[in-house]
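Heads up: the protein sequence lines correspond to chains W and U, in order.
Under the numbering used here, the first residue of the first sequence is numbered 1, with each subsequent residue one higher.
Under the numbering used here, the first residue of the second sequence is numbered 1001, with each subsequent residue one higher.
Rather than coming from a laboratory, the hints here were simulated on the basis of the structure.
No residue lacks a Cβ here, since even glycine has one placed at the ideal position from N, Cα and C.
A portion of the hints provided could be inaccurate.
[Stated by the list, open to error] Each computed DSBU-like pair below joins lysine-lysine, with the alpha-carbon atoms no more than 35 angstroms apart:
#	chain 1	residue 1	chain 2	residue 2
1	W	LYS120	W	LYS747
2	W	LYS265	U	LYS1062
3	W	LYS747	W	LYS688
4	W	LYS120	W	LYS529
5	W	LYS662	W	LYS205
6	W	LYS120	W	LYS688
7	W	LYS721	W	LYS747
8	W	LYS529	W	LYS747
9	W	LYS455	U	LYS1054
10	W	LYS321	U	LYS1062
11	W	LYS688	U	LYS1054
12	W	LYS205	W	LYS120
[Said to hold, decoys possible] Just so you have them, the derived chain U footprint on chain W, three or more residues with Cβ under 8 angstroms:
#	stretch
13	197-206
14	230-243
15	383-395
16	479-492
17	495-508
18	696-708
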Amino acid sequence: MTTMEIDRRTFIVTSASAAGGLMLGFYMPTGADAGVMGSPWTAEEGGQEVNAWLVIDPDNSVTIRVGQSEMGEGVFTGMPMLVAEELQCDWSKVRAVYADVNRHVQNFAEPYMVAAGAAKETDNLYQRMGTGGSGAVRRSRLYLMQAGASARERLKQAAADAWGVDRSAVTAENGMLSAGDKSGMFGEFAAAAAGIQLESEPAIKTPDQFTLLGTSVARLDTPVKVNGSAVYGIDAQVPDMVFAAVEVAPVPGGSLVSYDFDAVKDRPGVIAAYRLGEGGIGVLHYNLDEVANRVTGIQSGVAVIADTYYRALTALQLMPKEWDDGGHGDVTDTSIINGALEVLANPDDPSYNPAHSVGDARSAIDASSNVMEATYTTPYLDHACMEPMNCTVHVTADRADVWVGTQNPPRAIAAAAEEAGLPEEQVHVHNCFLGTGFGRRSRPDEVRQATAIGKALGRPVKVIWTREETARQAKMRPYSVYHFAAATDANGKPEAYWNRVVSHSIFNHQIPQFLRDGIDSQAVEGLDKRLPYDFANAQVDYAIRDSHLPVHWWRAVGASQNAFALEGFIDELAHAAGADPLQFRLDLLPEDSEFRRPLEVAAEGAGWTTDLRRGEGLGIGMAEAFGTIVVHVAYVTVSRRGQLRVETVDAAIDCGHVIHPKMVEMQMESNVVYGLTAALYGEIHIDKGAVVEDNFDQYLMLRINEMPEVRTHFALSGGDKWGGVGEPGLPPIAPAVANAIFAATGKRIRSLPIRNHDLI
Amino acid sequence: MALTLNVNGTSHTVDVEPETPLLWVLRDNIGLTGTKYGCGIAKCGACTVHVDGKKAFSCTMKVSAAVGTEITTIEGLSEDSSHPLQLAWIEGDVPQCGYCQSGQIMAAAALLSQRPNPSDLDIDAAMSDNICRCGTYSRIREAIHRAAEIAGG
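Model the full structure from these sequences, guided by the hints.
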């Protein structure tokens, strides 16, 4: 098989021939009606780049480059909509591809973007290429709309020059330019437009002027996702490629003592084995001052290479190996949580730092004879991405190519460059579709490991982690434990509130410079000054208690578990006061609280009542995260045998503005499923220092027969508010369900998952 | 050893160990990557294909057991995404990340071939083997009903 140069503009993939062998084929664009190619990095051919974000073809089709990663949230549709809203192109001829991250790291933002005030001179070309923090729309909308507007005005100027009229006389609509009796397609003027400089850049539209934004156009990525053609990282095919199966120390921080390759080297197809890493847990060092931040260290382990994946995997599994436990062999999840609970039980533990303080809550509680107390716990969780971790690389002396589905291509480039020993300019990351990310795919430990294997091997190699390996190498959602105390008046209204939180801190693990006076702001999200409720006296204390396990951002981060604890305790206070939990919350919210409207909307949608039969219950959960408020009212039934069913969820969202209502609804459903799965079943046990639940037979997932009806209600406040959508719908579901269970049964759920509780 | 498989109406001869799971033969030897690896233990449904028209988990099915059968993968469900389920999936914008959807569609196709007008309970029973981490379940259910309508004319 011949080796052909792989580059950005002419990427070669292999395709199956009728005879069953592999042959080379060029993946050619099949026309503008294919809104997204199966291989989403496929470069456009023959078109004219007007600016870095968009290419216009002679037939008027427009390719819009997407800087964010498509992992289901819809950026391959939403990001192009932002550009097209201003460009005024024909939406039916829009195609989306990934922006080139190599070009991004080599170039600064274009001058027009800087002139328009939509970028800083020091920004890289595509500005924000990491996808996380529910930030795709809210953090890129201004510059994406600017890219469209500035291109449109250049097209108009090119037409004006050709027609001898003033630019103000030219209109642009649906891909056509016209002035008087003159008209022409964008495609005719794209080349001229690309060379035009304007004296000033146009202003972008305000929301009241949107025509495309706010509509639920068909997703551009759907067609390739119903016929098997969408290329995920695990599907990348490179000529002459071989396969690697890997196993690293099952205990994070442990290491490989020995392995016996001789025992398996004669098995069919087996090529090589490599020792990996020198210990450590592959920490992501995050530094805002750098373009990208680095994963350092590769977990100690071994890779076996063969001509097919299954042969590599079989040899790896049969190969004798010895591991050490890094000194963590006596750690269990119970030992970790018990250690945290000891700190939690001792308010004078020196590891506490104040996260929030109003008045003197502690004195008020000490002096009160009417104190409610409760302790809540939440476990470690795995992301359990549908697509197991994988990465394909081809490392040569002067170039590295990486095919991977990543939430952070610049971070992937940095990891590959460092490991390959090449400058970033010589590294090309071809981002693929992501079989979900949920935060896991923002930490490129798989890229660094694969690059090390590819460099040693000197030929293209696809590294796939089994489901079990993916689970054992989880970068987990931290555990967190909470103690609440409230002193109430004669009517049960809290006069003083004291909350202590102990958790494994993500910041302490990978961004210690982000800690402020010992506080991990994500760990107390929604609990510190961001508490929705008005307490005359409030004290919130936070203590870090880490373990040897690596932790990372998991969908909705700290809010994913904090809302469960807070909203549960608020519900306890309401019931202790004999109050309606809805009215109790409304009474406790400040007059001008932004929570009021979504709370009322969700309650109305659910037909809020406390007058239900035993075995039926409504429960409220609410949280603000990533600039968006979501309130859930869950309706549950619990049978006499203790069988729980979550029947409906009324979800009210205030994210300010919506650019695609249907995709917001889809994200609300997605968050309910992800959050409900965790609430009902999610728990990673640790035994002898290692992850126990390593596949879906033990780490249980919500399935279609358990899916509640989710009813999304928009409670949009508009104005300057632009909140995120991909995560804020998650935090309220656990407390809404737990509170509904209390309403139905009188059983108070203070620890997750719910499956650990007997509901009879 | 050399085995001959009939996949999507085409004959393929592959040199693999007979105990190799069908999934990896489809993906690595034949190059049909639409069928996905999710768990390897038949607990997620991402690898669902049809063997002689019936649903099968290709991640736990030995390739030797598939010799002499007619195997259909997502790539062979239709030539041009015109199967009623594919039309309904597009109409309803069902996929999010899309990774599980090949398996979801193949499981649904097996259901429709048995029960052209499935009830919600039929769908629960037939589709509970398939995990979707994006949570597209409601839209999958609606799209199956819609596909039944399309197929029924």
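Here is what the structure says about each hint:
Annotation: proposed proximity of LYS120(W) to LYS747(W) is violated, straight-line Cα distance about 55 angstroms (limit 35 angstroms). Restraint check: the Cα-Cα separation between LYS265(W) and LYS1062(U) comes to about 23 angstroms, which is no more than 35 angstroms; the hinted pair holds. The hinted pair formed by LYS747(W) and LYS688(W) meets the criterion: a straight-line CA distance of about 33 angstroms does not exceed 35 angstroms. This hinted pair checks out: LYS120(W) and LYS529(W) have alpha carbons roughly 31 angstroms apart, not beyond 35 angstroms.
Distance restraint check for LYS662(W) and LYS205(W): the Cα-Cα separation of roughly 22 angstroms lies within the 35 angstroms cut-off, and the hinted pair is therefore satisfied. Distance restraint check for LYS120(W) and LYS688(W): the Cα-Cα separation of roughly 50 angstroms exceeds the 35 angstroms cut-off, and the hinted pair is therefore not satisfied. Distance check on the hinted pair: LYS721(W) and LYS747(W) sit about 38 angstroms apart at the alpha-carbon level, beyond 35 angstroms; violated. Distance check on the hinted pair: LYS529(W) and LYS747(W) sit about 30 angstroms apart at the alpha-carbon level, within 35 angstroms; holds.
For the proposed pair LYS455(W) and LYS1054(U), the alpha carbon gap of about 44 angstroms is over 35 angstroms, so the pair is violated. The straight-line distance between the Cα atoms of LYS321(W) and LYS1062(U) is roughly 27 angstroms, inside the 35 angstroms bound, and the hint therefore holds. A C-alpha spacing of about 43 angstroms is found between LYS688(W) and LYS1054(U), which places the hinted pair above 35 angstroms, so the restraint is violated. Simply put, LYS205(W) and LYS120(W) have alpha-carbon atoms about 21 angstroms apart, close enough for the 35 angstroms limit, and the pair holds.
Residues of the stretch 197-206 of chain W with a Cβ under 8 angstroms from some Cβ of chain U number 0, which does not satisfy the need for three, so the listed coverage is violated. Under the rule that three or more residues need a Cβ within less than 8 angstroms of chain U, the assignment of the stretch 230-243 of chain W holds, with 7 such residues. Check result for the stretch 383-395 of chain W against chain U: holds, 5 residues qualifying (beta carbon to beta carbon below 8 angstroms, three or more required). Coverage of the stretch 479-492 of chain W by chain U is violated in this model, with 0 residues showing a Cβ closer than 8 angstroms to a Cβ of that chain against a need of three.
By the rule of at least three residues with a Cβ nearer than 8 angstroms to a Cβ of chain U, the coverage given for the stretch 495-508 of chain W is violated, with 0 such residues. Closer than 8 angstroms: that is the beta-carbon criterion, and the stretch 696-708 of chain W has 8 residues meeting it against chain U, so the requirement of 3 holds.
Checked against the numbered hints above, the structure violates hints 1, 6, 7, 9, 11, 13, 16 and 17; every other hint is satisfied.
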